[in-house]
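Just so you know, the protein sequences line up as chains X and F, in that order. Numbered by our numbering, the letters in the first sequence go through residues 40 to 134 in order. Numbered by our numbering, the letters in the second sequence go through residues 55 to 735 in order.
Rather than coming from a laboratory, the hints here were simulated on the basis of the structure. Only true hints are included.
If you anchor each label on the Cβ, the simulated ranges turn out as follows:
| no. | chain 1 | residue 1 | chain 2 | residue 2 | range |
| --- | --- | --- | --- | --- | --- |
| 1 | F | A724 | X | F69 | 28 to 34 Å |
| 2 | X | Q105 | F | S493 | 21 to 27 Å |
| 3 | X | N130 | F | R380 | 38 to 44 Å |
| 4 | X | N123 | F | T690 | 33 to 39 Å |
Small disclaimer: the values here were computed from a predicted structure and weren't measured. Just so you know, even glycine gets a beta-carbon here, dropped at the ideal spot from N, CA and C.
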Amino acid sequence: MAGSDRFGTAATVAAQVFPASETVFVSNGFGFPDALAGGPAAGAYGGPLLLTAPTALPSATTQQLQRLQPARIFVLGGTSVVSNSVITQMNGLFP
Amino acid sequence: MPEPLASPRRRLRRLAPIFLAALVVGAFVPPRQAAANDGFLDGPVPVPLRGGGVKGDGTPSDPQPTGRLIVRYRDGVTELQRGRIRAADRLEFATSVALPNTEVVVPVAGGVSQALAQLEGRSDVLYVEPEYRRTHMAGPTTEPRYPQQWGLNNTGQTVGGFPGAKDVDMNVPEAWNITTGNPNLVVAVAVTDDGVDFSHPDLAGRRWVNTDEVAGNGVDDDSNGYFDDVDGWDFCNDDNTVHDDVIADHGTHVAGTIAASGNGIGVAGVAPSVKIMAVKFLPDDPNGPFPADCGTDTAAAAAIAYAYANGARIINASWGGTGFSRTLHNAIAAAPNALLVAAAGNSGADNDVQPVYPASSDLPNVLSVAAIHNEGRISGFSNFGFTTVDLSAPGEDIVSTVPGGGWAHFSGTSMAAPHASGVAALAASAKPALLGNASALRQHLIATARALPSTLGWVASPRLIDARAAVVARPDIRRLSGVNRYATAAAVSGATYVPGVPYVFIAAGSSFPDALAGGALAAQTGSPLLLVTQTGIPAETMAELLRLNPLSIYVLGGTGVIGNTVFNQLQPLDEGGGVFRLAGTDRFGTAAVVASEAFGSGVPTAFVANGLNFPDALAGVPASAVLHGPLLLATTTKIPPATATALDQLNPGRIVILGGGSMISMSVAAQLDDDVYTTGP
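Just need the whole structure built from these sequences, with the hints factored in.
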């Protein structure tokens, strides 16, 4: 399972393993510390873990969020690892 | 130092399969057999049934509650804990549900709504909902003529002689999983037209009724200026019959597109549960003799005023003409909380050059709609306008109801507008805040419309109106974070797990490999993962461990990453199951040890990721909870011996490589594919 980059690989895993999910976890794809506990937690919710850049939501991640239309999204870490602009971009996907 | 009561190996071998088996029946998880056999589950996406699913009765009956509640507890809530919850909330167990962690309960004191509120407030309850009794099997998608309704669901079917472009549609069945329209909201969609034949069986139950008026008593009971206007009003003939002649088929067709019942007959409206308010002002036969009041700007203004005064907040206007009318403009402006959905016109002309009214009215409560055909381009007849036409909707070869109990295919922007009105009704049903806020509803419909690049340049927003996107709820986006990585992990755990978990996995916060390999096992056993330093347990981790009260604790990695001091500090924190260390000589070895502790030979899946780079393995952790199997580590070019040995022992049904060739090279992939694991560094 692979995409063109880390974001694409996480999106591919989500696309192939999670036909539907009400919960999605999103973490910074460039730093692991805040993401480590998120993997098992996402598994417990039955949802995928998608990756983002700190200030911009990658298109591969955007596509999976739009496909899944989740009821909740958990963002891992504070504003220094996932900025508020990413959250704004995610909100913009669901007007 | 207290010794573990059992060796880690024995303990996990004994316990892990139990919890893995418990997970197998979980809703999130397909059966192991299927996971092992059916590829990567990349089949068609099942559409979740939400909000009670699609109801298909002609007169959608009110929900029939059984007085019981369906409760789904979070993973890990034991039967004992459920019993405590039931006792505390005064509930009685009724029956179990064929879903994991789910049961039906009956309130023994207080009402259903009180019990609902109590259970909703509990962190260990994933969801609770009233149980309803289902009575009808037919849904809108089983309507006999539904397969022709390409605007609702374009399967590529041939309509009007033209094969369609698959999926160029408004995603209506997807929207129906959320709502088919709320008949109890003031969502009556006014059809200002040539009348609606409500005797049509496919419109059964769709008639708006003025409940403030008493039929046939010759009195204007509600003092709205119209006598006995139970069904609406006819401004053409100035009477209370809203359909007069079988030749008047336009409004009946429009009404069917908006709201034809899902009753096993004919077609399905876009919003098959909403009500239609018939307001007649167009003549029965525009080519024949008709009363002088028919079709005039004066009559149109009166029709709009009537619809607005009687509560309609979506008004369909599948009519128009060139030439500005201040009267018509002012009538629309005087109904500011109603969205007027207007047909752009059927001259194939540019409305930017020659405006068509009311479509071209420069008002925030007017949505102007062009027509597309089933191949996804603007219909040849449709008016367009880069600035004055908002967007497009299906309008060519549209099958809907006609007077006399039949159905017919019509084409026109008159057919596009009601598609948009239907979606407006769905959106207002799903999002009540949009009802009565016309400019917000208009903006919402435009913003949620799906891209249709072929209409670029033809309309202001090169988009096709999208029912599903218009009704989905915005997700609840929540940040899980703490002052540092340790606190973030504790926050994640706190938001996910209830106390009394079987295991907690402890990893070093300073490096990722052990946490990821262990994380896969944590994911599959429904266990949290918390972080420590090499020399200490951070306060947030300690507090979360005390809250979780785990049976056993597993420390991931050797003393180089988590020292014995930490290991010893963890000793008093388990509930009797023991504290164990899972460690190899390096990250690859630790992953192999985790795998061999928890998984036996013949495991359905094994994941292999690059152990020097975290992102791909991280994404694989939740996936492992679905596909079942350990996460092993390699480098870009080598399969380390520990990994090879583990794979030999596990003999997995398949190996999922996480990441592309730059992470795991093609030669390593080929070795994995050939079962040649023993060619390590």
